[in-house]
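Taken in sequence, the protein lines are chains V and B.
Numbers in the working numbering are just positions in the first sequence, counted from 1, shifted up by 12.
Numbers in the working numbering are just positions in the second sequence, counted from 1, shifted up by 12.
Worth flagging that the hints you see were computed from the coordinates, not collected in a lab.
Errors might be hidden in some of the hints.
Treat identical chains as interchangeable: a pair holds within one or across any two.
Restricting the straight-line Cα-Cα distance to at most 20 angstroms, the calculated cross-link-like pairs of lysine to aspartate or glutamate (EDC-like) are [said to hold, decoys possible]: (1) Lys383 <-> Asp128; (2) Lys204 <-> Asp381; (3) Lys307 <-> Glu347; (4) Lys204 <-> Asp243; (5) Lys207 <-> Asp19; (6) Lys204 <-> Asp21; (7) Lys27 <-> Asp399; (8) Lys107 <-> Glu355; (9) Lys107 <-> Glu210; (10) Lys174 <-> Asp243; (11) Lys286 <-> Glu327; (12) Lys383 <-> Glu152; (13) Lys204 <-> Asp19; (14) Lys383 <-> Glu210; (15) Lys207 <-> Asp21; (16) Lys132 <-> Asp381; (17) Lys27 <-> Asp103; (18) Lys107 <-> Asp399; (19) Lys93 <-> Glu418; (20) Lys372 <-> Asp351; (21) Lys107 <-> Glu173.
There are 2 protein chains.
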Amino acid sequence: MSDNATDLDFLAGIKVVDFTQFEAGPSCTEALAWLGAEVVKIENPKTGDPGRRLRPGQPDDDPYYFHMFNANKKSITVNLKSPRGLALVQDMLRKADVCVENMAPGTIERLGLGYDDVRKLNPGIIYCQVKGFGTGSPYESNLAFDMIAQATGGTISVTGEKGRGPVKPGLSLGDTGTGMTMAITILGALHKRAKTGEGHRLQVAMQDAMLHYMRTNFSTQARSGRAVERDGTHSGGGSNAPSGLYPCAPGGPNDYVWIMTSRANPEHWARLCKVMGREELIHDPRFATPRERVKNSDVLDAMIREWTGTRSKHEAMAQVGGAGIPAGAVLDTMELQNDPTFEQRGIMQVMQHAQHGPFKMPAWPVRVDGKPPRVAPSPILGEHTVDVLTRWLGMSEDDVTALRRENTL
Amino acid sequence: MSDNATDLDFLAGIKVVDFTQFEAGPSCTEALAWLGAEVVKIENPKTGDPGRRLRPGQPDDDPYYFHMFNANKKSITVNLKSPRGLALVQDMLRKADVCVENMAPGTIERLGLGYDDVRKLNPGIIYCQVKGFGTGSPYESNLAFDMIAQATGGTISVTGEKGRGPVKPGLSLGDTGTGMTMAITILGALHKRAKTGEGHRLQVAMQDAMLHYMRTNFSTQARSGRAVERDGTHSGGGSNAPSGLYPCAPGGPNDYVWIMTSRANPEHWARLCKVMGREELIHDPRFATPRERVKNSDVLDAMIREWTGTRSKHEAMAQVGGAGIPAGAVLDTMELQNDPTFEQRGIMQVMQHAQHGPFKMPAWPVRVDGKPPRVAPSPILGEHTVDVLTRWLGMSEDDVTALRRENTL
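Please model the entire structure based on the sequences and the hints provided.
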């Protein structure tokens, strides 16, 4: 068995010991796996990563979530609470380039695998931790999931309708967004380590990572002097008009198109007037400057709504976007899933999974020399125990069988 | 002048020619700059990156947005439409490890700096492009900004209140989220290139990158068979209850706390009952199992609202979070800006900018050996023209002055 699962070999030969679970950690190590690292999940022999089954007490019947965050990885089972299991993982850490964990605060240390323990085994390791709140934060020992990071990191406060209560952005940025910042830092550390052999300790908190994704909002606040308010159907900061979500025919829950004219490019406004057959408005004094258009945006919004209301979102996007004005139909998850162009371009790919059959999912979105890396299955629990222990540690298959018998694996 | 601006040297010696503007491209190259790469912005001598001034026709008076996405970078001015300017940038590309651009479709090729041109100059370069839509997409030549990527990439469709229209997540994930995926791929390519010298072409589309951040939603859809609907005040998928946003005293626009009990950890529910002084409910048959709690979540939500309504969001978070239940107050941008613990931990840092004075902003969120890299200023337009041209190309200061006189720089 080769050590990298995908066909991209940027990180071929890099060994990652992966203690992560659910999403914030797994999305980080999955990025490394997409690039060709050998990522080995260390899983509890009984149940594995809790992300494998979101319905506790039931069999492994909800694999989709797990597939999404564990493509291209390997899995071995180890009982970390047995001395022999711990020793075995310590041996793996001696061989590893990177290890990553996102357990509850204090857990990895109680297992005897905290930073101070692991760096003694392998001073050159890149040791990475993802937590909800940062060391030194008043909430340092609190538990967190995606929504807690999004509440305390500001993203919920700026999301919602004008004048109404906040809502959570509908995607798990607190998890995957955090994982991306850790993956970037690991790759930077690996770049230097290839020359110097240096190890490092890397730590990120989900709340802290959200601030990085909120930079545009902090710049708006710096200009206005006020906390950023919600206005989720118009563009941020209110400085571009017309710009927003406009309802389309036939009026379903996602029949909307976003049309945006930028004050940085006055051509957008002129082009939009032409598309709508309203060229006389281009130089109308009510709308002639960006400032006037912001002032009279209610009139403009009503006019555009009237126009979009007689078209489907796809027609509106084709007409407006095709005329050189930024425009986008609001596409729902099923429309995206069923759009064949994503699969044709490799952006969606079908994972062939031995237990769960073919499963179409978003792949790594960046194309390398014309195409994204090819997806390999997420691992069955313990699928690679023999492969990894024989290859990494020089054990025999009989050794592995003996360890299984004594419940170490 | 040293070549890396921050105190982190993971990418010391890596040269990036940066043609990016606004945010999707600059957030990618800024990540490389945080890790210590020398990132040189190539800017139009008259106006520079349009992100420098979001109010066209006015002086450089809105620097906050620019600071956010260009910390730790350098800037040189070059007139790319002059033959001498083009030749000079070609010379820089011969010395570069990476170049990145996010101009409108077709623009970089018209300048004579498309992939086929640049790889002839430097076969080992990592040549990177960020666009709104992917090559081969029906919208390949359309313009896009953040909101267009979020509309067509699905994030808007899943964001908003239950039963109401969609809203845009209030942060620019279409830009920064995309930049993160490109930064990761560049770093992977650099890792291999350090051994083999290989160059690569990397391309990402903002729409495609959004699908990667929507993986949890696609897994929910795979389970239900239906497009994911909006329910931004409860947890995704509706499988955990109680879980959601609960209003707190004194009832301001962001006086809410998110409280989450996970069906994967039944202790959360028992702990919450204790915190609320309602231990009798733990085994109440209406709430005794995760399934029953989902079924009766309206009753639970009302009960929790009553409890949270008599407390501030900070008190509620301290009490609930402190008892081992995931909980987070909804913090707005001003509360985050004014919370001193972020600055104490280096998560927010003060940029000392020669023109615009001290400016506090979110830094790189990952700590390396205990602290995040130190912020260096974003560059004044053309600030490093002499530094870079003398050091990279061996020109003299007189050469630079002559080029300035003939409007090449």
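Non-conforming hints, listed in increasing numerical order: Per hint list: 3, 4, 8, 21 violated.
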